[in-house]
Amino acid sequence: MVSSHFSSDTTGIAGHPRGLMVLFFTEMWERFSYYGMRALLMLYMIAPPELGGLGFAKGYAGLIYGIYTFSVYAFSIPGGWIADRYTGYRKAVIAGGLLIAIGQGCLALGNESLFYVGLLGLVLGTSFLKTNCSTMVGQLYADNDPRRDAGFSIYYMGINLGALIAPLICGYFAQDPRFLSMLESLGLSSRSGWAWGFGAAGAAMLLGVLQFYIQQDKLGAVGLKTGINLDQKEGQDLPPLTADEKSRMWVVGILMFFIMTFFFLFEQAGTTLNLFALDNTRNEYFGVSFPSSWFQSVNSIWLLMLAPLFSWLWIRLGSKEPSSPIKFAWGLLFVGLGMLLLVLPSKYIALETGLKVSPNWLLFTYMFHTIGELCLSPVGLSTTTKLAPARYSGIMMGLFFFAIGAGNLLAGLVVPFSEKLAPTTLFLGLFLITIAMAVVLVILTPRIKKMMAGVR
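With the numbering used here, letter number 25 in the sequence shown gets 25, and the count goes up by one each step, no holes.
Any given hint might turn out to be false.
Using 30 Å as the maximum straight-line C-alpha spacing, the simulated DSS-like pairs for lysine-lysine come out as follows [stated by the list, open to error]: (1) Lys320 / Lys246; (2) Lys347 / Lys58; (3) Lys320 / Lys450; (4) Lys420 / Lys58; (5) Lys449 / Lys327; (6) Lys246 / Lys58; (7) Lys356 / Lys58; (8) Lys218 / Lys91; (9) Lys420 / Lys347; (10) Lys356 / Lys420; (11) Lys450 / Lys327; (12) Lys246 / Lys327; (13) Lys420 / Lys320; (14) Lys450 / Lys246.
Think of the hints as simulated: they come from the structure by calculation, not from any bench.
The model shown is predicted, which means the values in this text are computed figures rather than measured ones.
Sequences are here, hints too, so could you generate the full structure?
As structure tokens, then:
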């Protein structure tokens, strides 16, 4: 990607542009909003009306979850396209954040009709904000700037900081008996816990929009112009794609298929693993109970612990650092191992009705998933910005998120089958699918590296 309007400022954190932290906090609050809501969504849909939920069947709730999370990411393509050609990236981020806040407000009102309106607002808002925020991170750096991958790693820490604290806060409001009892002592209905959870997610997004608006001057020229402006001088037609650019765009398309497979397993966190935590796991540690939604923070805890190690590892390896496709294959391997780990406790559950297993099984499953994520997700963001021509940067980033969305859709569609399959069969099958895809990617890697035309 040709970052024609990159920031030459090096006065920010660790010598990075100052604008990086503006985008860091914007995305942190957006991810707080998203993951706080995601931790509650499946549980809210299946909770009976007398407990404030919608009372949906698990299969239908899984379908809604899959369609929603798919749409959140799939609409990133038109969101990126509009910013590329019409609005510029900054205006898209502000508009997206406001739509997200409105969507969360609709969910907080607890009406089934407004529930669907709220989901639509979240889809449209995320389509404008998430893609274009990531695109601006790429534009902070010149081509082949050695700080780029490290910059995306810092940015990714913001994503996971938001994802860490959101389920703890939103889950406490929605599920924790202590908070619900406090509501009753104040004369409020304990059924309103869900509203407090979704309301917290909406307030976080408003905070993110406010800080972006106030501090956007630190971005310099980044995000003011459209993607077309970056490749086109006034009065001139867009230059045609070169052979290398076409080849690199094909690579993006190929890698998206493997990204989709990874997130098919990774996003079981919001569906089958969320239900496994609710129905089959002891939600207590050292005698202290906690809401099942708190398991949604475990991935982020592991990530904050392991991300510095991986950043050090990639730098330490130097010229021996694996190529992006090989990192993707490692990501697939580890997310598969996480599913394999759950096969054994699933056998225990099958042998004894009502058995709830140790929370350690999920803790270490999420550890493997996090290792896989660190091998694939930040690398995927960085690789996409490096491979995409500037005039297609928004739409190519949208394609990256479309692949994530497709994985989310598949994760939701698994729920009806999970009610018919034994957990042992389900988790073993997911493991085998992922390992097969990792092997295919390793076989294709030499050809993919040639098509990347010098980009690692």
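ask   = Of the hints stated earlier, which fail here?
value = Violated hints: 6, 13; rest satisfied.
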